[in-house]
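So the protein lines, in turn, are chains Y and B.
Numbered by our numbering, the letters in the first sequence go through residues 49 to 293 in order.
Numbered by our numbering, the letters in the second sequence go through residues 58 to 398 in order.
Just to be clear, a hint being listed does not mean it is correct.
For the chain B half of the interface with chain Y, some residues (derived, Cβ under 10 angstroms), not all of them [to be verified]:
1. L62
2. V82
3. V83
4. S195
5. S281
6. A282
7. S285
8. V286
9. L367
10. V376
11. L377
12. A380
13. S382
14. R388
Calculated lysine to any residue pairs in the SDA-like style (CA-CA distance at most 20 angstroms, straight line) [to be verified]:
15. K73(Y) / G236(B)
16. K313(B) / A152(B)
17. K73(Y) / N212(B)
18. K313(B) / L237(B)
19. K313(B) / A244(B)
20. K73(Y) / W209(B)
21. K313(B) / V202(B)
22. K313(B) / F385(B)
23. K59(B) / K313(B)
24. K59(B) / V386(B)
25. K313(B) / V386(B)
26. K73(Y) / T93(B)
27. K59(B) / L70(B)
28. K313(B) / L208(B)
29. K59(B) / S241(B)
30. K313(B) / A254(B)
31. K313(B) / L153(B)
32. K73(Y) / V386(B)
33. K73(Y) / V217(B)
34. K73(Y) / G58(Y)
35. K73(Y) / G205(B)
Treat the hints as calculated values from the structure; they're not laboratory data.
For each residue, glycine too, the CB sits at the ideal point set by N, CA and C.
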Amino acid sequence: MSRDRIFGLGAAVAVVALTFALEPKLARGVLSLAFVQATLVTAVPYVLAALGGAITERAGVIDLALEAKLLFGAFAAAAVAYATDSAYLGVAGGALAGMAIAALQLGCALRLGADQVIVGVALNLLALGGTRFLLQALFGEGANSPPCPGFGDAILANPIVWIAVLASIGVPIAVARTRWGLRLRAAGDRPDALVAVGVARRPRPRFAAGSPAARSPARAARSCRCRSTASSPTCRRAAATSCSR
Amino acid sequence: MKRELQAAAIAVLASLAVGSVLMLVVGVSPVRVWGTMVERTFTDEYNLGQMLFAATSLALCGLAVALALEAGLFNIGAEGQLAAGVLACSTLGAALPAGTPAPIAIPVCLAAAAGAGGLVAGGVGLLKATRGAHEVISSIMLNFVVAGVSLWLGNELLFVGGATTGAPIAPGAELPHLGLGGSSVNAALAITLAAAAAVWWLRDRTTWGEAWRAVGRDPAAARSAGISVERVQVLAMTASGALAGLAAANLVMGYKHAFEDGLGRNTGFLGISAALLGRSHPAGVIIAALLLGFLQAGGLAVAELVPKELTEMLQGVVVLAVAASVPFVARARARAPKEAA
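Kindly generate the complete structure, drawing on both the sequences and the hints.
Following this line, the structure appears as structure tokens:
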């Protein structure tokens with residue numbers, strides 16, 4: 049372990065220890081089964097969003113728009129599940145919404161050459177107002193969608209928890225061991241190498257601004273699936289809260 | 058300069074178009090909504106005042122982000138710096154004896170607001186300069202830390218009477234209202250204009266500003282020209298945080314006159330929009346803040362025609378459009394024959 053890691057780990061442990069020292073009630077609560085369950089359920093969106101972010105990061109794309117994908121994913125999951133009366137279709141809808149946002153993001157960043165960070169921030173703002181606008185337009189209410197079908201409270205029977213488990217095993221393997229993963233990492237590390245072996249087209253001059261190998265990041269966008277499904281089980285925006293019933 | 062104006066104009070037109078389409082989707086006439094929005098905002102004193110009030114906070118946060126951006130730093134944490142400013146300004150303001158005269162109380166509270174914001178952002182700059190921690194990550198994370206700390210302090214110490222509001226600040230620290238139909242616009246508007254002028258002077262007329270912009274354009278070149286990149290990063294972040302913290306003056310000293318949890322929420326993020334839309338130039342930031350303020354106040358003024366969420370959404374569309382139109386204009390001009398500069 050490098051010195052930096054030890055430093056970081058030590059700082060994290062110190063912060064947690066300090067929190068527990070200040071709030072002894074918190075320390076007792078941590079030792080219960082309910083707490084472990086709650087932790088797992090709360091972790092699911094983080095796990096999926098982080099995996100999605102990690103994939104694009106490896107491809108050389110900074111993804112600040114994860115928030116936007118979660119918000120629109122949550123909205124789409126709730127709306128589709130409500131309309132079709134199927135939680136599974138809701139998950140698919142959430143995933144598609146995440147991919148749609150990714151397409152918009154890449155369109156702006158790669159096609160038009162806009163700054164990736166700015167596009168990310170803008171999409172987050174857009175999602176903040178946009179999801180509420182859509183709720184208002186479709187359901188006539190700015191904060192919640194009507195209750196929609198969900199997967200119930202049992203963690204082990206919740207398919208999204210299993211998606212998260214499988215994704216956290218599958219994504220690292222895919223990135224490290226498959227041809228797709230190799231190209232993904234090459235897009236982030238040496239885009240010109242991808243061009244040289246003929247995987248990616250050389251970015252045309254007008255696309256050149258800020259785009260490491262125009263094609264591979266676009267592929268990475270498909271993995272946005274991971275992010276948006278994160279919305280359904282536990283969620284911050286109320287649209288999807290109703291989904292977990 | 059001309060390029061910046063073109064990009065901004067394209068972005069505003071694109072946003073108008075997107076907004077109009079959305080209005081058609083909801084089933085109202087865009088002409089009527091835009092018309093009513095302009096009419097109500099500029100003929101009604103109260104709405105005009107509310108627009109200026111919103112623009113004041115946005116302009117300060119926008120100047121904060123723009124200043125850091127010039128030094129190549131993306132200060133995405135204006136939100137947290139503003140919250141720190143609110144906490145410090147209102148706590149100190151409430152701690153002052155009730156009889157403190159304005160010439161003492163106002164500068165003290167302004168210094169507290171700017172100091173707290175500067176401290177938070179200065180820490181980000183220090184982490185960047187000494188440990189290489191990316192300022193985007195550390196400043197986003199500090200947003201949560203500051204929000205958590207101020208809610209915790211509020212619950213433990215500051216909130217009075219079961220509300221989420223603290224004790225009122227000393228009357229001497231209140232900034233006078235500017236009238237305008239009983240709206241919230243106050244003397245912080247003048248502070249903002251002064252701050253914009255100061256930023257412009259610093260940026261365009263001093264060697265400091267030159268050094269900041271050199272670091273922003275190319276840190277390696279700046280270093281070989283003898284500029285201490287680390288020092289510039291820490292100073293630029295601190296100054297940026299101080300500006301974001303100053304926005305607390307508008308909210309606490311000019312409006313709420315007390316600590317309140319979540320006061321000015323999202324203003325820091327919208328400040329990023331103002332900075333980007335204003336293309337980092339102080340005058341541009343002021344204009345952008347007025348435009349965003351217009352969308353906010355105007356959106357509320359036409360709330361019975363279209364949901365106010367629509368104008369919230371448009372603020373995001375504006376930024377997206379700016380981001381996309383800048384390289385577009387740059388390319389178009391690169392193709393055009395070179396003109397005498």
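Structure-based check of each hint:
1. L62: Because about 18 angstroms separates L62(B) from the closest Cβ in chain Y, which is outside the 10 angstroms limit, the hint is violated.
2. V82: 7 angstroms, holds
3. V83: 6 angstroms, holds
4. S195: 12 angstroms, violated
5. S281: Hint on S281(B): violated, closest Cβ of chain Y at ~25 angstroms, above 10 angstroms.
6. A282: 26 angstroms, violated
7. S285: 23 angstroms, violated
8. V286: Since chain Y brings no Cβ nearer than about 20 angstroms to V286(B), farther than 10 angstroms, the hint is violated.
9. L367: 5 angstroms, holds
10. V376: 4 angstroms, holds
11. L377: 4 angstroms, holds
12. A380: 4 angstroms, holds
13. S382: Cβ of S382(B) sits 8 angstroms from chain Y, so the hint holds.
14. R388: Since chain Y brings a Cβ to about 6 angstroms from R388(B), closer than 10 angstroms, the hint holds.
15. K73(Y) / G236(B): 50 angstroms, violated
16. K313(B) / A152(B): 16 angstroms, holds
17. K73(Y) / N212(B): Cα-Cα ~17 angstroms, so holds.
18. K313(B) / L237(B): Holds: K313(B) and L237(B) sit about 17 angstroms apart, inside 20 angstroms.
19. K313(B) / A244(B): Judged against 20 angstroms, a Cα distance of about 14 angstroms means the pair holds.
20. K73(Y) / W209(B): Holds. K73(Y) to W209(B) sits at ~15 angstroms (cutoff 20 angstroms).
21. K313(B) / V202(B): 23 angstroms, violated
22. K313(B) / F385(B): Violated - the C-alpha atoms of F385(B) and K313(B) are around 43 angstroms apart, more than 20 angstroms.
23. K59(B) / K313(B): Violated, at roughly 40 angstroms.
24. K59(B) / V386(B): 10 angstroms, holds
25. K313(B) / V386(B): Not OK: K313(B) and V386(B) at ~43 angstroms, beyond 20 angstroms, violated.
26. K73(Y) / T93(B): 55 angstroms, violated
27. K59(B) / L70(B): 17 angstroms, holds
28. K313(B) / L208(B): Judged against 20 angstroms, a Cα distance of about 17 angstroms means the pair holds.
29. K59(B) / S241(B): Not satisfied, since the Cα-Cα distance of roughly 35 angstroms exceeds 20 angstroms.
30. K313(B) / A254(B): Violated, at about 26 angstroms.
31. K313(B) / L153(B): 16 angstroms, holds
32. K73(Y) / V386(B): This hinted pair is violated, its Cα atoms lying about 58 angstroms apart.
33. K73(Y) / V217(B): Cα-Cα ~24 angstroms, so violated.
34. K73(Y) / G58(Y): Violated - the C-alpha atoms of G58(Y) and K73(Y) are around 23 angstroms apart, more than 20 angstroms.
35. K73(Y) / G205(B): 18 angstroms, holds
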